Amino acid sequence: MSARGVTTAPVDAVRIDRCARSSRVPAMLDMTQSLSGLLLALFMWGHMLFVSSILLGKEAMYVVTKTFEGYYLFGRSYPWIVSLAVACVLLLLVLHAALALRKFPADYRQHRAIVRHSINLRHGDTWLWLVQLYTGFAMFFLASAHLFFMLTHPAEIGPYASSDRVWSGGWWPIYLLLLLAVELHGSIGLYRLTMKWGWLQGRDALAGRRRLIRAKWGITLFFLLLGLLTLGAYIKIGIEHRDQLGERYRIGWQSVPGGEPRLSAESCRCG
Amino acid sequence: MTAASQSPSVRRLTLQILRCDPQQPEAAARLQPFQLDEAPGMTLYLALNEIRDTQDPSLQFDFVCRAGICGSCGMMINGRPGLACRTLTANLPSLITLAPLPGFELIGDLSVNTGKWMRGMSERLESWIHSSEEVDPCRLETPMEPELAEQIYELERCIECGCCIAGCGTAQMRSDFAGAVGLNQIARFRLDPRDERSDDELYRLVGDDDGVFGCMTLLGCQDLCPKSLPLQTQIAYLRRKMAALGIT
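Quick note, the sequences are listed as chains F and L, same order.
Taking my numbering, the leading residue of the first sequence gets 1, the next gets one more, and so forth.
Taking my numbering, the leading residue of the second sequence gets 1, the next gets one more, and so forth.
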């Protein structure tokens, strides 16, 4: 090695190290993790509210389904719109999961450290993080299975189609686990976001945190209860409808055999 | 038997202390029970001193100020970090388990080398005022607004006891994490007008997953800090400032 090579090598190493340390990538990763989590959590609120329309009756759920298939906009249903939305959610989920993996225990030693630490510390927010860790891990599989099915079967959403899937298709255990995982993970995640970025705490940060914890539990309980009632409703319809498996729900003005009519002024008046 | 121990109202305390001497690796760590009578207003610091004075002079633990100022007597008290001198035995059950703070080099029994860790953190995060101005000790200092001085003092109250590191799940998993004590230092020097470092320079110190972006907001630091420092809001503030550099 030349004399010049010997003297410049350490300088280059220092310069490379400095560049690496000032990379803006960690900031972007952190913000993207928070933003993707926020969007997924808000999406799940909307999703739960739309899915729970079954509690208002089969017709209400049918109207919601047709709305998302673009029926009331284009005059006929386009299930690929649902596939497109599912694809976006799936991409967001993969992005969020990839970024959240940075925070997972990397090996058995780290996992043992956090579990022992949580048991010894008996500290609420540390427990909540463990809950997020395990529910997040579970959703890698549960949410992926659900999303892949919806991506490839976008037309199979409806009062009977969904209920048949839940009961006769045997999906209800997955939906039950997914419900628990989503509602716990999402509400804890939203609470953690407010703490992480210092949002919504007001002037008195400690009082703000107490308020947010209460809100978090309120939201968790509300959506868990709503989700359980909704799943129960689909199971009930699924059981009642098991002998007519494959039959699709239709409301009065859509009872044209062999297919779905184009939306017209006449059919609207009939409805 | 003392007069106090004859009174039915006096509790008999059992302190289970994790004994370990790294100088004698052949001797395994063990929990050793010590019993003593509780006295009015007794702190763990007083109880430990009584045990060392009357039962086992080889028991190792640290203390200096006895008033929650020096940060030497941090230890795990029934699984949670705290200062022995600020912990009243009356607030604990009669069985008390004491262990050294995890995450620090063990000197022996309850004594850990927090100073070595803190120095390493301080050197890594350069937690001192960076100023190109030459200091003239004969000249009056530039005045500072009282509100700003108060804000700096609020963060300067950190005694580097190590409880935030022992109470942090992230730090327990990842030993390179700067922890609340380190991030609080950066927040403190960011406030100080005498420190000429820009956010860009501070980003180089804490703008990664070993720094502020590594914090997973488990809030053990906030809830277990013996000095009740506003660590959650400070870390959130620092995160916002450092993240803002990521989009500019």
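If you're looking for bench data, these hints aren't it; they were derived computationally from the structure.
The reader is advised that the hints may include incorrect statements.
[Claimed, not checked] With a straight-line cut-off of 30 Å between C-alpha atoms, the simulated DSS-like cross-links for lysine-lysine are:
hint: 1; chain 1: L; residue 1: Lys227; chain 2: F; residue 2: Lys66
hint: 2; chain 1: F; residue 1: Lys103; chain 2: L; residue 2: Lys227
hint: 3; chain 1: F; residue 1: Lys236; chain 2: F; residue 2: Lys66
hint: 4; chain 1: L; residue 1: Lys116; chain 2: F; residue 2: Lys216
hint: 5; chain 1: L; residue 1: Lys241; chain 2: L; residue 2: Lys227
As the structure is a computational prediction, the values presented were derived from the model and not from experiment.
Cross-check of the supplied hints:
1. Lys227/L <-> Lys66/F: Measuring from Cα to Cα gives roughly 58 Å; hence the hint is violated.
2. Lys103/F <-> Lys227/L: holds (28 Å)
3. Lys236/F <-> Lys66/F: holds (22 Å)
4. Lys116/L <-> Lys216/F: Violated, at roughly 40 Å.
5. Lys241/L <-> Lys227/L: holds (25 Å)
Hint compliance for this structure: hints 1 and 4 are broken, all remaining hints hold.
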